[in-house]
Amino acid sequence: MFWNCRKPISRKGARAATARAGLIAAILLSAAGQTAQSQPVEDPDWPCIQRKVPEISPGMVWAGPPLDAAAASWRDDPEIAALAMKIASRRTPIEEANAAIKELAEAAGADEDKKLTMLFAGALGIINHDRASIMSGIQRYATRQRALADKIERQSAQLAALPVEETPPGVTSERDDLLEVQNWDIRIFEEREHALTYVCEQPVLLEQRAFALGREIMKYLD
Amino acid sequence: MKTQLSLAGAALLALVMPAAAETIYVSNEKSNDITVIDGETLEVTATVAVGQRPRGITLSHDHKFLYICASDDDTVEVLDLEALEIVGTMPSGPDPELFVLHPDGNPLYIANEDDNMVTVVDVEKGTVLAEVPVGVEPEGMGISPDGAVLVNTSETTNMAHFIDTATHQITANVLVDNRPRFAEFSGDGKQVWVSAEIGGTVSVIDTGTKEIITKIGFEIPGVQPEAIQPVGVALTDDGKYAFVALGPSNRVAVIDQQSFEVLEYLLVGQRVWQLGFNADQSRLYTTNGNSNDISVIDVADREVVKSITVGQAPWGVVVKP
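Protein sequence lines correspond, in order, to chains A and B.
Just so you know, we're using my numbering here: the first sequence kicks off at 1 and counts up by one.
Just so you know, we're using my numbering here: the second sequence kicks off at 1 and counts up by one.
Warning: the hint list may mix true and false statements.
[Unchecked claim] Not the full set, but computed from the structure, chain B residues with beta-carbon under 7 Å of chain A:
id	residue
1	VAL223
2	GLN270
3	SER291
Read the hints as simulated data drawn from the structure, not as lab findings.
The beta-carbon is built from N, C-alpha and C at its ideal position, and this holds for glycine as well.
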């Protein structure tokens with residue numbers, strides 16, 4: 001699509017683009033430094049400020065009965081399985097999830113604690129599963145970003161080697177073409193970098209949900 | 001008529017509960033405000049906008065003012081608790097994070113995270129009395145009950161620095177575990193408890209010999225060890241209990257102050273960092289930075305009785321009697 005809107009880039013624009021390419025290298029370097037410092041033994045490719053916690057362990061969100069048995073059996077109860085899916089989903093407003101928990105607690109009778117524990121085990125299992133796939137997505141995102149940064153650096157080296165030529169109107173030089181490509185790459189890089197803050201918040205939001213559900217369910221335990 | 005009735009009701013209430021005037025103040029480092037909570041009803045009564053990134057807070061001796069570390073504004077703000085308005089600022093050095101007031105009410109000792117200094121400020125004159133160079137990234141601040149000894153911890157140097165408050169000289173350095181965050185003296189002044197966030201321990205230091213008496217470790221079933229990050233420490237004056245906030249494990253450890261044995265781990269809120277008692281130490285409040293709430297712990301029952309939603313990323317908590 002953008003091939004149709006080619007236009008020669010001014011020298012000022014070219015200088016700005018080169019400066020931005022340098023900035024990108026600096027961002028990546030500082031991000032790598034930060035990660036290395038705060039997590040000496042952990043994944044150096046993890047791009048988020050938030051510490052990489054592979055999964056939400058039960059003890060961080062639950063002080064009720066042990067979840068081991070419930071984690072193995074919740075899928076066998078269709079009602080519990082459907083409800084766990086519902087309350088774990090971020091599409092379900094938390095008020096609605098709380099109402100569903102209350103409904104189960106009131107209808108469960110003598111099995112209340114057992115059913116509620118199964119419900120939480122199910123919801124936590126689902127949330128951890130979703131969270132794991134989001135986290136591997138973040139990792140892929142970071143890998144792509146690193147590759148793009150390398151490409152921009154290579155372009156800068158190529159550009160430095162190309163002569164600045166005067167060309168007739170409507171005709172672009174090799175250097176202009178490469179600058180055009182680099183400009184787009186930089187723009188994509190910057191937009192992705194900007195989105196990273198949002199992307200990194202996603203595992204945290206899931207932790208908050210798991211905690212809120214655990215707290216609500218524990219209210220009904222005897 | 002209705003107004004008169006409710007006024008009469010309020011007067012009656014005041015007669016029935018004369019001692020129920022406690023107020024809880026919470027600093028919220030992301031929403032840049034202070035949440036005010038009625039200690040009796042546990043309802044939020046006001047939210048006051050303050051400077052950028054409010055973290056450590058403490059009450060003036062006469063309980064008329066709240067001092068606030070506005071970390072990103074590089075200043076300490078003074079909030080008038082009657083009017084709920086900022087009435088002044090004090091010099092603080094760069095990036096003030098946590099501070100402690102001398103038991104006599106003056107001066108204020110401020111940890112400056114960015115320039116490796118403890119700044120000593122006269123709260124009446126609003127002037128800097130001294131700057132004490134300490135280790136890298138000073139944070140935790142504890143003062144002995146008699147005010148003679150100040151203990152500051154430095155996050156990167158991993159030390160507890162003992163400072164003579166009369167001479168402003170460091171008299172001893174005690175190496176503790178990785179990233180010490182908080183220092184708290186026991187009621188009798190004989191021990192100082194220092195938490196280490198990355199080390200995952202609390203060192204109990206004898207203030208006489210400057211030796212570590214014991215290191216308390218933590219283990220919570222169903223929680224990975226790296227999530228157990230001790231930060232805030234609170235000790236009951238009767239020598240009975242110690243409470244330690246364990247960060248992203250979302251738990252507060254309850255410890256026997258005499259045997260150093262961990263009695264239980266209370267599930268509070270997400271990323272619990274700081275702790276604050278009420279006046280008679282019957283209640284402990286915890287700030288939970290990621291669930292944006294505070295938890296109320298009944299000290300005698302060792303039980304969480306309520307959570308109260310506050311601003312974004314609650315950090316410090318104090319209770320006005």
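Just pull the numbers of the violated hints for me, sorted ascending. Violated hints: none; all satisfied.
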